[in-house]
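Novice: Sequence:
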Amino acid sequence: MKYSEKELVLALIDNNPRAYTYLYSNYSNSLQIIISRIIKDSEHVSDLLQDVFIKVFGKIKNYNSVKGSLYTWMAQIARNTAIDFYRKHSKNVFFTLDTDHHGNDSKMWVFQNHDGADIEEHIDKLMPERKVMIEMVYLEGFTYKEAAEEMEIPIGTAKSRARRALRSLKNVYDYRAKVA
1 MKYSEKELVL
11 ALIDNNPRAY
21 TYLYSNYSNS
31 LQIIISRIIK
41 DSEHVSDLLQ
51 DVFIKVFGKI
61 KNYNSVKGSL
71 YTWMAQIARN
81 TAIDFYRKHS
91 KNVFFTLDTD
101 HHGNDSKMWV
111 FQNHDGADIE
121 EHIDKLMPER
131 KVMIEMVYLE
141 GFTYKEAAEE
151 MEIPIGTAKS
161 RARRALRSLK
171 NVYDYRAKVA
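First residue of the sequence shown: 1, per the UniProt record's numbering; consecutive thereafter.
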């Protein structure tokens, strides 16, 4: 059976087993890609994907179509789950330039193997608008679009602020690596 998004949500709320199967079959690959962009270990990715679906099934009554599509809502859950796992299990801090969860912009790895407290100290020294953007997009899991709307600025400005902030942070660590 094929569902419209509205029908699927209603069927999930009614605990329809076919709806659960349909949801997993149609969205698991996309959500797995989102998780694997943050977590590289395939075993952890598989476990986190299951966690995401448990959260989706448990929170489906909270889904609000006015705020975005079902996929967008699930993608945010996947991203947040992966980020939370990463923070909990690693002292490594990384950021990517990734305009949206569909990967429409090139990714650039900026930091790896740095103590999180050290990076937070440098984030605090950024210009206020850049600091807020880094926190929203990379630490709180907002998309650029969501962050731009929240800050009431154009999406291009949001992306520019994030890139400039990342470059500033990268320069600090590049300089420290040369001095060390």
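Bear in mind the hints are in silico, worked out from the structure with no lab data behind them. Be aware that one or more of the hints could be misleading.
Think about it this way: if two alpha-carbon atoms lie no more than 20 Å apart in a straight line, the pair counts; the simulated EDC-like pairs of lysine to aspartate or glutamate are [said to hold, decoys possible]:
(1) LYS170 x GLU149
(2) LYS67 x GLU152
(3) LYS59 x ASP41
(4) LYS40 x ASP84
(5) LYS131 x GLU149
For each label pair, taking beta carbons as the anchor points, the in silico distance ranges come out as [to be verified]:
(6) LYS40 x LYS61: 12 to 22 Å
(7) GLU5 x ILE54: 32 to 42 Å
(8) THR21 x LYS170: 36 to 46 Å
(9) PRO17 x PRO128: 43 to 53 Å
(10) PRO128 x LYS59: 39 to 49 Å
(11) MET151 x ASN15: 16 to 26 Å
(12) MET127 x ILE13: 22 to 32 Å
(13) ILE153 x ASP14: 20 to 30 Å
Here a beta-carbon is modelled for each residue, glycine too, at the ideal position from N, C-alpha and C.
Novice: Decide, hint by hint, whether the structure agrees.
Specialist: Do the hints match the structure? See the list:
no., hint, in the structure
1, LYS170 x GLU149, "violated, 27 Å"
2, LYS67 x GLU152, "holds, 16 Å"
3, LYS59 x ASP41, "violated, 26 Å"
4, LYS40 x ASP84, "holds, 14 Å"
5, LYS131 x GLU149, "holds, 16 Å"
6, LYS40 x LYS61: 12 to 22 Å, "violated, 33 Å"
7, GLU5 x ILE54: 32 to 42 Å, "violated, 21 Å"
8, THR21 x LYS170: 36 to 46 Å, "holds, 44 Å"
9, PRO17 x PRO128: 43 to 53 Å, "holds, 50 Å"
10, PRO128 x LYS59: 39 to 49 Å, "violated, 33 Å"
11, MET151 x ASN15: 16 to 26 Å, "violated, 39 Å"
12, MET127 x ILE13: 22 to 32 Å, "violated, 45 Å"
13, ILE153 x ASP14: 20 to 30 Å, "violated, 41 Å"
In the structure shown, a violation is registered for the earlier hints numbered 1, 3, 6, 7, 10, 11, 12, 13, in ascending order.
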